[in-house]
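Using the sequences and the hints given, assemble the complete structure.
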Amino acid sequence: MPPLLQLSNIAKSFGPVKALRDVSFELRAGEIHALAGENGAGKSTTMKIVDGILQPDRGEIRIDGEPRRIRSPLEAQALGIGFVHQEIALCPDVSVAENIFMSATAMQRGLMNFAALERKAKTVLAELCDIDPAIKVGDLSISNQQLVEIAKALTLDARILILDEPTSALTESETEKLFRIVHRLRQRGLGIIHISHRMAEIFEHCDRVTVFRDGEYVTRLNIPETTPEEVVNNMVGREISHLYPDKATQPPGRPLLEVENVTCSHLKGVSLTLREGEILGIGGLMGAGRSELAKAICGLRHSSKTLRLMGEPVSIPDFSAALDHGMVYVSEDRKVEGLFLDLPISQNISSLRLSQVTKRGLVNRAAETKQAEQLGRRLRLKAGKPEDPPSTLSGGNQQKVALARMLSVNPRVVFLDEPTRGVDVGAKSEIHAILRELCDQGVGVVVISSELPELIGLSDRIVVLHEGKMSGELNAAEMTEEAIIHLASGLHSQGDAA
Amino acid sequence: MSETSLSGGMTETRTPGVLRRLAGMREMGLLCIILCLCVVMSFASPYFLTWSNFRTIFLSFSVEGIVVIGMTVLLIVGGLDLSVGSVVCLAMVVAGKLFLMGVDPWLASAAGVGAAAAVGAAMGLFVVRIGLSHFIASLAAMVIVRGLCLLITKGTPLSLFSLPPEFKFVGQGSLGGLPVVVVIFVVLAVSFDFLLRRSARFRTIFYTGSNEKAAEYSGIRTKRVIFWVTVLCSTLTGLAGVIFMARFGSATPQFGVGMELNVIAAAVIGGASLKGGQGSIFGAVLGVALLSLVTSSLILLDVSVYMQDMIKGFILLAAVSFDHLMNKRGKRG
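Protein sequence lines correspond, in order, to chains A and B.
Here my numbering is used: the first residue of the first sequence is 1, the next is one more, and so on.
Here my numbering is used: the first residue of the second sequence is 1001, the next is one more, and so on.
Simulated from the structure, these hints should not be mistaken for lab results.
Just so it is clear, CB atoms sit at the ideal spot from N, CA and C, and this is done for glycine as well.
Mixed in with the good hints there might be a few duds.
To be verified - Here are some, though not all, of the chain A residues that point toward chain B, as calculated from beta-carbon distances under 8 Å: (1) 73; (2) 74; (3) 77; (4) 90; (5) 93; (6) 94; (7) 95; (8) 98; (9) 102; (10) 106; (11) 108; (12) 109; (13) 111; (14) 112; (15) 116.
What the hints assert, rightly or not - Derived lysine-lysine pairs resembling PhoX-like cross-links, with alpha carbons at most 25 Å apart: (16) A:335 x A:305; (17) B:1097 x A:136; (18) A:18 x B:1213; (19) B:1097 x B:1154; (20) A:359 x A:385; (21) A:335 x B:1154.
Written out as structure tokens, the structure reads:
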């Protein structure tokens, strides 16, 4: 009997970025198949191809042994594919019941029968939770919205069910209920694809696991015959092909920034200390609260916290206050949060502290250009004149503009969120060297990165977050990809810091 | 009874459902405001509570109300149409010009509505295919279509006194004491309100406006939905245009300037959101009724004409602010 779903040699690029190089996958009826891999390994992209949201550049999809082209989510549904999205995809303005049966409504003619819809929704939801099907989805908590999303997929009468990190927003008891249902569906003969970072979940509930790395298929293992360590090794197993700058030669100095008890909706009391002359790495999975931590410290997110900068207590209610104290956050999302893509480079750089280039209330263009040229030289920014907009630059040069912006305020502590995302290898080394230089000059550097080799290659010390809490701290000798993944997936946390 | 069910978990409510929903509907608040205004006005002016006054008020908003219906549907899908004033005029001018050239007035009217629909289709294509926002596409259409109207008429009003009486009846006649335009408006409003609430096809408009991606992932062809709603809005606007022509017996190239603001204000007062996903025809009708009622009340009270626009603006501000505050409270609770 052919497998229920078979992908062979799928490739997909977004512009110059190769998201999937060569991915193969196989799903049998009546199994729960885990899909594992680091952030950016291509799991979600692959599943979006299966659901018809994305079209592959190359490769073949077979369902029940027959080659298929899936051009839209509608066609995927017709083929019996249900998808629980990682980011919640619901309509906030309409009722729970309508959201659950939206796909049916899309095909329906004639009139709506809301009473029947709500009754049916109630039956579906009864297996999961206690949500009134008549209320609007926008009024539900995130975890309840996630449950509605799951209920929605359950009603599709799917033969293939894709769960993209469905449990990241759920409590333990909700997770348990979900898996009870998933097991029941498996017995009915469905094939279930479960994307998860949580090794415990994979080993408790799944039958097989396929591992992706850097957009490529690595291996497929039977759960009873493998160990979490083997899976993790396969997720990581990459050679560091890239030379990192030398680590700090001197032991770190006095505390530069002490952060205590940062608490907000995504963080549960995180504390850390940044010392002079060290690069501090922050590791963790997507959604663990890494960016939230940096943003909270810099006043970009509402939180309660205690801060001491060079021993002095400071209060940072907003980002403007952070800048006044020489603290800068450089976003992971250059295009949306980082740069004014269509404004000249010089204006991008001067915008953090316009007073430096302003005389009597007027912006001095010449001073602005001079500042851009100076910082550009310091960062070895070769492409682009000061009057060009960053939108014309490559990712690496855009990131250098973002760094120039950061340097324009003579910072004391900088937070860099994914500083080399979408940056080519050459510019990456340069950025790493710049960060080390800054650190040697006494600037505190905090780096958030999902790329483990980078985190290890660059940091003098790493703290790892798991679900809004600190799950461990690693010094230079302890840093391995395995150790980080262990801490990040909450397998065991070493000396609970909270 | 209903209070306990609201506070004590939302799970097991049966009997208070209908009542609770009625009370929670935004339309009820508007209806109350309108009734209060009527009571106050009946004391303030002896003329207010007369049949002829109400007839005048109804007449004043019925044709524009047809445009409000289209605009509301478009706002629900997340769009916006600034061109309605020009498109009303286009339908009028095209129909009038063809009639003067000897075409049957009904056929000429159909052509006028067709021209309006074509403008909608063009805007829809620019939105769906090229990815322009409704704001930009309709802003351009507003200016282009107005120019077209001036071109067709050479800038002078078309006098259409020779329209046959059976055609004028649409705009000027009465059915059992009710003006025909009011009947047309009520029939359209009731139909579209029903369709938006109950028809499966029309529900997809809410889904698309509320979260286009979610709708797309549920198998809804969101681009088509947006396109056809854009066409629908322009078509209804064109229909209003030819009815205006029948009512006034003329077609002026300046007709409808500034209408879009009134129409959008009415829909928004009625609960439509500029972000899409929210709104109802019933609410929008109440919105346009409220604006009309206020205007006529101010006239009865002899308030300066210059004050009227200001007061309308304040009503818009108050209605929308009230909504936002209520929404925030709901989220927190």
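Taking only the CA atoms, is the gap from residue 335 (chain A) to residue 305 (chain A) under or equal to 25 Å? violated (29 Å)
Just to be careful: measuring from the Cβ of residue 106 (chain A) to every Cβ in chain B, is the smallest value less than 8 Å? holds (5 Å)
Hinted pair residue 1097 (chain B) and residue 1154 (chain B), Cα distance within 25 Å: Satisfied, since the Cα-Cα distance of roughly 11 Å is no more than 25 Å.
Interface hint check: residue 109 (chain A), Cβ to nearest Cβ on chain B, cutoff 8 Å. Holds or violated? holds (6 Å)
Restraint: residue 111 (chain A) near chain B, CB-CB cut 8 Å. Satisfied or not? Because about 5 Å separates residue 111 (chain A) from the closest Cβ in chain B, which is inside the 8 Å limit, the hint holds.
Agreement of hint residue 116 (chain A) with chain B interface, Cβ distance less than 8 Å: Given a least distance of 12 Å, the restraint on residue 116 (chain A) is violated.
Against chain B, is residue 112 (chain A) within 8 Å by beta-carbon distance? Where the cut-off is 8 Å and the nearest Cβ of chain B is about 5 Å from residue 112 (chain A), the hint holds.
Holds or violated: residue 335 (chain A) and residue 1154 (chain B), Cα atoms, limit 25 Å. violated (49 Å)
For the hint on residue 108 (chain A), does the least C-beta distance to chain B fall short of 8 Å? Holds, because the Cβ-Cβ distance from residue 108 (chain A) to chain B comes to roughly 4 Å (cut-off 8 Å).
Interface restraint verdict for residue 74 (chain A) against chain B (beta-carbon cut-off 8 Å): holds (4 Å)
Straight-line Cα separation of residue 18 (chain A) and residue 1213 (chain B) no greater than 25 Å? Within the cut-off at roughly 24 Å; holds.
Given hint residue 77 (chain A) near chain B, where the shortest CB pair must fall under 8 Å: holds (5 Å)
When the structure is compared with the earlier hints, violations turn up for hints 7, 15, 16, 17, 21 and for no others.
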